[in-house]
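Asker: Listed here are the chains, written in short residue letters.
Protein chains: 2
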Amino acid sequence: MPDSVCTAKHLHHVCIAVKDIRDTVKFYQDTFGIGNVNVQEVTDQKVLAALVKIGGTELEFIQPTDPTSGVARFIEQRGEGVHHICFEVDHLADTLKALDAKGVQLIDKAPRKGLAGMIAFMHPRSTRGVLIELVDSPAH
Amino acid sequence: MPDSVCTAKHLHHVCIAVKDIRDTVKFYQDTFGIGNVNVQEVTDQKVLAALVKIGGTELEFIQPTDPTSGVARFIEQRGEGVHHICFEVDHLADTLKALDAKGVQLIDKAPRKGLAGMIAFMHPRSTRGVLIELVDSPAH
Chain A
1 MPDSVCTAKH
11 LHHVCIAVKD
21 IRDTVKFYQD
31 TFGIGNVNVQ
41 EVTDQKVLAA
51 LVKIGGTELE
61 FIQPTDPTSG
71 VARFIEQRGE
81 GVHHICFEVD
91 HLADTLKALD
101 AKGVQLIDKA
111 PRKGLAGMIA
121 FMHPRSTRGV
131 LIELVDSPAH
Chain B
1 MPDSVCTAKH
11 LHHVCIAVKD
21 IRDTVKFYQD
31 TFGIGNVNVQ
41 EVTDQKVLAA
51 LVKIGGTELE
61 FIQPTDPTSG
71 VARFIEQRGE
81 GVHHICFEVD
91 HLADTLKALD
101 AKGVQLIDKA
111 PRKGLAGMIA
121 FMHPRSTRGV
131 LIELVDSPAH
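Line by line, the protein sequences give chains A and B.
Numbering-wise, the first sequence is residues 1 to 140 according to this note's numbering.
Numbering-wise, the second sequence is residues 1 to 140 according to this note's numbering.
Simulated from the structure, these hints should not be mistaken for lab results.
Because the structure is a prediction, the values reported are computed rather than measured.
Worth double-checking, as some hints may not be accurate.
Identical chains share a label here; the pair holds if one copy fits it or two copies do between them.
Unchecked claim - Within a straight-line C-alpha distance of at most 35 Å, the following computed DSBU-like cross-link-like pairs (lysine-lysine) qualify: (1) 102 - 26; (2) 53 - 9; (3) 26 - 97; (4) 113 - 53.
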């Protein structure tokens, strides 16, 4: 067993924040051959979002639907680009407790429902500038 | 056959630019259970670099060794964080010609040797803010 708080088993997805999700998806389809994409509205996060497979992992695209949302502010401050990366872990609720106990800064101290399943975000201050989402592994 | 310039077969790695690669690797080992990491100096890019497996893909960490390097300027302007993502494609040289012919902006118009193999970078202006590296598939 590794002597670590958790094991990041898999890079679940890389999320890219953009101004126009449909234009972006068309560019990634025309350029990189990504498959068909189902754009969904995630109302509580005020984004349009889409996940698309690329090999064994996924790309997520998000477009803010409200200029006051976190994603809109991200784009305003930093421009379009990679917004976060997501690791799959086992036992997310326990992992969050263990991370918190070690002093790792969390945005979500308990799992919540996200596009990819039950998820939580870690604060970039603790992860060397990377906004990291954790997604709970499917039950096993 | 997809009607696209190329097919991104696989997310080869996600690269994170940091100020202190050894401190970062220790944090990712202690927190996420990533394996042992071999930090190498890549002199022509003026970085220390390390690749580590995470599921079927990899994380790359880079630390600038010279304050005038591109990576040092990236960290100065944007802070530590995700620097680029890398897709694996077939026939990289031909892909670059086809991308160029379609007006996609490239940093490298021909493959060059990188840490992951023969690689080329696309310009974030064309890819909705994402610095994308392409790596040639192993010969088949």
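Asker: Does each hint fit the structure? Answer for all of them.
Answerer: Consistency of the hints with the structure:
no. : hint     : result
1   : 102 - 26 : between (43 Å within a copy, 14 Å between copies)
2   : 53 - 9   : both (17 Å within a copy, 10 Å between copies)
3   : 26 - 97  : between (41 Å within a copy, 20 Å between copies)
4   : 113 - 53 : both (20 Å within a copy, 28 Å between copies)
This entry satisfies every hint, going by the numbered hints stated previously.
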